[in-house]
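Produce the entire structure from the sequences given, and follow the hints as far as they go.
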Amino acid sequence: MALTIQERLKDLRVERGLTLKQLAEHTHLPKSALGSYEADDFKDISHYALIKLAKFYGVTADYLLGLSETKNHPNADLADLCLSDELIDLLTNGRIDTVLFCELATRRDFVKLLADIEIYVNGIAARQIQNLNAWVDVARAANLL
1 MALTIQERLK DLRVERGLTL KQLAEHTHLP KSALGSYEAD DFKDISHYAL IKLAKFYGVT
61 ADYLLGLSET KNHPNADLAD LCLSDELIDL LTNGRIDTVL FCELATRRDF VKLLADIEIY
121 VNGIAARQIQ NLNAWVDVAR AANLL
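Residues 1 to 145 in our numbering are what the sequence shown spells out, letter by letter.
No lab work stands behind these hints, which were simulated from the structure alone. Remember, it's a predicted structure, so these values are computed and weren't measured experimentally. We treat Cβ as the ideally placed atom computed from N, Cα and C, and that holds for glycine.
Each pair of labels, with its calculated beta carbon distance range:
1) LYS55 <-> VAL14: 14 to 22 Å
2) LEU83 <-> PRO30: 37 to 45 Å
3) ASP11 <-> GLN128: 45 to 53 Å
4) ALA61 <-> THR19: 18 to 26 Å
Here it is as structure tokens:
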């Protein structure tokens with residue numbers, strides 16, 4: 001379940017170990033306003049305060065508003081990620097559960113799994129090359145080449 005703006009604001013403040021008073025001093029926003037943004041009966045936040053808090057916390061306004069779950073890399077360029085068109089299609093067309101995929105990919109042992117898969121795939125490729133070389137040797141021995 002996605003966090004509300006109130007929960008996101010409070011979590012970000014608590015993660016940094018700040019009181020409302022300290023946050024007010026850093027952002028120059030009124031402590032009472034900051035407290036109301038985190039309250040259950042939250043009504044509205046000004047554009048100015050939203051931008052100020054997003055910049056202070058180093059997140060996007062979209063993250064604060066709950067429109068994005070990406071907190072630390074909001075504008076990552078697909079080209080920098082070296083994703084193929086096929087992978088982007090796979091991730092965006094709903095054929096796989098992207099939440100599950102992200103959970104799996106962020107596990108500590110995922111890199112080891114990829115290394116094991118690479119060894120396995122490379123082993124298959126090496127065996128195929130050996131098989132082809134064996135066929136060439138047979139063909140040479142039979143004077144077919």
